[in-house]
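**Q** Using the sequences and the hints, build the whole thing.
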Amino acid sequence: MKIIVKESQIKKIIKEEKKQQLNESLSLLGWIFALSLGPLAVKLVWNLFKKYKKGGLSKKQFKQEVSKIKQKDNSGYYDQQEKSYYDNNDEYRSSGAKTTNIVIGDPQASVIAGKSRKANLIGRKAGETNLWYPGADVSWLKNTLRKFPVSPDVRNVIICIGTNGGFNPNDDVDGLFSELKDKFPSASFHTVQGSWGKGSNVEVELYNVERYYNKFKNYSNIIGSVGDIGDLKLHPHNPKIRSYDEIANEIDRSL
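Counting in the numbering used here, the sequence shown runs from 1 upward without gaps.
If you are wondering where the hints come from, they were derived from the structure by calculation, not from laboratory data.
The reader is advised that the hints may include incorrect statements.
Restricting the straight-line Cα-Cα distance to at most 27 angstroms, the calculated cross-link-like pairs of lysine-lysine (DSS-like) are [as the list claims (entries may be wrong)]:
hint	residue 1	residue 2
1	53	68
2	70	50
3	215	118
4	54	147
5	217	181
6	125	147
7	68	43
**A** Here it is, written out as structure tokens:
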């Protein structure tokens, strides 16, 4: 026996489904408004809501994440961080993490930002304010991120790290990305593999570098190959190294 479903019945089902989804969204939005969140918390929750609508979070997960944001907002966490950072850093007041795509980490960040058409440094001055520094390793970047304000407008973070730490297999990569996800909740992450084969890393082998960046694959898109800026004849921060152009182009294609 064949069951014939009329077009009008299908349209009715679709209409009811859309109505149900709309009512659920309105119910969630009403719940959010009742929380009386601060400006930054509202922005964070709105980004989560968009992720939920796209299917990236379940309703239960969404409410759990919003509750965490509400707790931080009630404690004054967001206000305190922003006030401290703005009060103590002149350069942040004038630049800040206002660009959509930022490059952070060690000095290769400045070379890559100079080559990229789509990504920039937070600011040209090296230091904690702008999340890049000549001696930066995983530990430095992780600790510096703890002082940095939450920046929900950043969409992509390009990370240059590993060289100064000698590609130490004991680096707390999990902890680093925990901080990154906390400070840049709306961002995707991209890791540029560092230079080796020169200076303090003269004895580093290809397999050491490959093993090191395997940890980053759990959290980020890996840019380039381990040989791109490895085993160098030129100084590793020399912008004339051809692979920097290739890396920048790959970054621009990824964003």
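**Q** For residue 125 and residue 147, compute the direct alpha-carbon distance and say whether it is at most 27 angstroms.
**A** 17 angstroms, holds
**Q** With the threshold set at 27 angstroms, check whether the alpha-carbon distance from residue 70 to residue 50 stays at or below it.
**A** 18 angstroms, holds
**Q** Within 27 angstroms, alpha carbon to alpha carbon, are residue 54 and residue 147?
**A** 31 angstroms, violated
**Q** Would the hint linking residue 215 and residue 118 be met if the CA-CA limit is 27 angstroms?
**A** Given pair residue 215, residue 118 holds - Cα atoms ~26 angstroms apart, limit 27 angstroms.
**Q** Would you check the hint for residue 68 and residue 43, treating anything up to 27 angstroms between C-alpha atoms as holding?
**A** Holds. Residue 68 to residue 43 sits at ~14 angstroms (cutoff 27 angstroms).
**Q** Given the hinted pair residue 217 and residue 181, is their alpha-carbon gap at most 27 angstroms?
**A** 15 angstroms, holds
**Q** Holds or violated: residue 53 and residue 68, Cα atoms, limit 27 angstroms.
**A** With Cα atoms ~19 angstroms apart, residue 53 and residue 68 stay inside 27 angstroms; holds.
In summary, the structure is inconsistent with hint 4 from the numbered list given earlier, while agreeing with all the others.
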